[in-house]
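Asker: Here's the letter readout for the chains.
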Amino acid sequence: MLAAQSITKTFGGNHAVNEVSFVIEEGTITGLIGPNGAGKTTLFNCLAGLFPPSSGSLSLGGERIDGLSPDRIFAKGLARTFQIPRPFPEMTVLENVMVAPLRQRGERFWANWLTPGRVAAEERRLAEAARHWIDFVGLSRLTHQPARVLSGGQRKLLELARVLVAEPRLILLDEPGAGVNPTLLDAIVDRIVTLNRQGVTFLIIEHNMDLVMNLCSPIMVMAQGRLLMTGTAQEVRGDPRVIEAYLGGAVA
Amino acid sequence: MPDLIGLLSYGTFFLVFATIFALVVLGLNLQWGFTGLFNVGVAGFVAIGAYTSALITAPDYPDQLGGLGLPIPLGWLGAMATSGIAAFIIGVAALRLRHDYLAIATFGVAVTLQLVALNAKGLTGGPFGLQFIPKPFAEVIDDNLAWNVTYLAVAAALLGLSYVALERLVRSPWGRVLRAIREDETAAESLGKRAFRFRLQAFVIGCMLMGLGGALYAHFVGYIAPEDFLPILTFQLWTMLIVGGSGNNRGAILGAFVVWALWTLSGNALREIVPSEYQARAATLQVVLIGLLLMLILLLRPRGLLGEETVVSRHMRDEAADTAEE
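Chains as they are written, first to last, in my numbering: chain B, 1 to 252; chain R, 1 to 326.
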């Protein structure tokens, strides 16, 4: 589904991501782990178009997407959440989610004057879809609250609902478990599994090893900008290179 | 015996100005209140509107371009068009800038425009400005007060129309995207919104209202000069928006009336109190006073007199209200 070929991203002389190639198969939940500074989030930002890769190519479902802007990549069905959630704080949970659907008729300003009836009908449909996904992530109670009152974990769920309403094919989750209490984390994992069964592909950055080992297959390991290995939980656990990457060679 | 007619005349005079300012502040509110565009060149876009409408409608000026003598409505439409086109060109160049950088760029544009107005004699009449700008209905309405009231009605109608049109926009999916961009542009782009296009649209529409405001000013006063469009005007308009309530169209209108009232009253008070030889210097106290008001509002009521309302969509207002009552 997503193929990366020799993705490199340099900042000055620093190779944050260095010649990374991989393929994400449709229908998988792929994990991406690695020590801090390994280049995981930078890789995410390259995939999602936040900044273009310095070199290398990306394709989504056979179509080149490297160099496209984030909005175009989102429109092609690749959505992402942020490591530190970025809700629209002054807007309600419902509004936050209703922003996301693509190609809304009422986003063209003249349509609101010329065909208000059709915009209204579409708004009702969108609101219904938004409520469905807000309910899905368990935030219904907060539907009309401004997003700024949400806790860190709730913000992660809001971001999830916000991308889900646009029905993406592939979702990149950046540390969905960070700073989330265990109950809420179970809820998030449960939702990811449900969606995956419905055909959504995931790529997940996560530091919670239990979560990664149980949820993800395959797992990709990055260290110092390079892709160290890709394998099952078993293979990753048994690989000395992975242990060295995390412990800096102290064990060897 | 109080001069009732004089008072009434003064009152309408005051209201016409407040209405024109309100129209401009509505435009600024679309840019700053809803989209987060830091436009510090408001006076420049007001000036473009004023000069354009004057040049289209005034009788032929000797020794310079313009004075086409066309009907006044054409002048007003032309004012909006020219301000819009200028906003589009400036927007394409400058809107990629964020926050303070956009502020510096727009401020520079406004100062440049003012200097052009001052020096391009062949187009703007130079320091003396443009005179003989026609007053609508002046040939049918002789009485000064009646004319002021008529003009007030026209300006108020345009303000009302703009208010209704804007309310429809900001409570629509289009307005929702604007607010998302204001809150977090990166997040909005990651959700498929082409932020630049929305910013440009909001900037152009806002500047068209500023241009219309400039045109209304020109035809009310009858003459314009470069010193009518100094940066202090931008400062006043911004204060109106912040005092009234950024992100709320009714707040923007309220702010225009409140700040203009304080400005006018303080001006009168200073003229009464201060001995005549110090009056020119005392006038600057007005600016200090407005600055003080701005600081007080920011400290005591940072969201302005009327804060932003949370409205999901104008199509679902009732439902949100129901839930709030639960």
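There could be a bad hint or two in this list.
Derived CB-CB ranges, DEER-like [to be verified]:
| hint | chain 1 | residue 1 | chain 2 | residue 2 | range |
| --- | --- | --- | --- | --- | --- |
| 1 | B | P182 | R | T186 | 23 to 33 Å |
| 2 | R | A283 | B | R72 | 33 to 43 Å |
| 3 | B | F11 | R | L97 | 47 to 57 Å |
| 4 | R | L123 | B | S6 | 37 to 47 Å |
| 5 | B | E128 | R | L298 | 34 to 44 Å |
| 6 | B | N214 | R | L296 | 35 to 45 Å |
| 7 | R | A261 | B | F11 | 33 to 43 Å |
| 8 | R | L299 | B | G37 | 22 to 32 Å |
It should be emphasised that the hints constitute simulated quantities derived from the structure, not laboratory data.
Keep in mind that this is a model prediction, so the values were computed, not measured.
We treat Cβ as the ideally placed atom computed from N, Cα and C, and that holds for glycine.
Asker: How does the Cβ-Cβ distance of E128 of chain B and L298 of chain R compare with 34 to 44 Å: does it lie in that range?
Answerer: For L298 of chain R against E128 of chain B, whose Cβ atoms are near 41 Å apart, the range 34 to 44 Å holds.
Asker: Confirm or reject the claim that L299 of chain R and G37 of chain B have a C-beta distance inside 22 to 32 Å.
Answerer: Given range 22 to 32 Å: violated, Cβ gap about 42 Å.
Asker: Taking 47 to 57 Å as the hint, is the beta-carbon distance of F11 of chain B and L97 of chain R inside that range?
Answerer: violated (22 Å)
Asker: Please test the hint of 23 to 33 Å on the beta carbon pair from P182 of chain B and T186 of chain R.
Answerer: Distance hint for P182 of chain B, T186 of chain R holds at roughly 30 Å.
Asker: If you check the beta carbons of N214 of chain B and L296 of chain R, does the distance land in 35 to 45 Å?
Answerer: Violated, at about 57 Å.
Asker: In this structure, is the beta-carbon distance linking A283 of chain R and R72 of chain B contained in 33 to 43 Å?
Answerer: violated (54 Å)
Asker: When you take the CB atoms of L123 of chain R and S6 of chain B, is the distance between them in 37 to 47 Å?
Answerer: violated (57 Å)
Asker: Range hint 33 to 43 Å: satisfied by the CB atoms of A261 of chain R and F11 of chain B?
Answerer: violated (54 Å)
Against the hints set out earlier in the document, violations occur for numbers 2, 3, 4, 6, 7 and 8.
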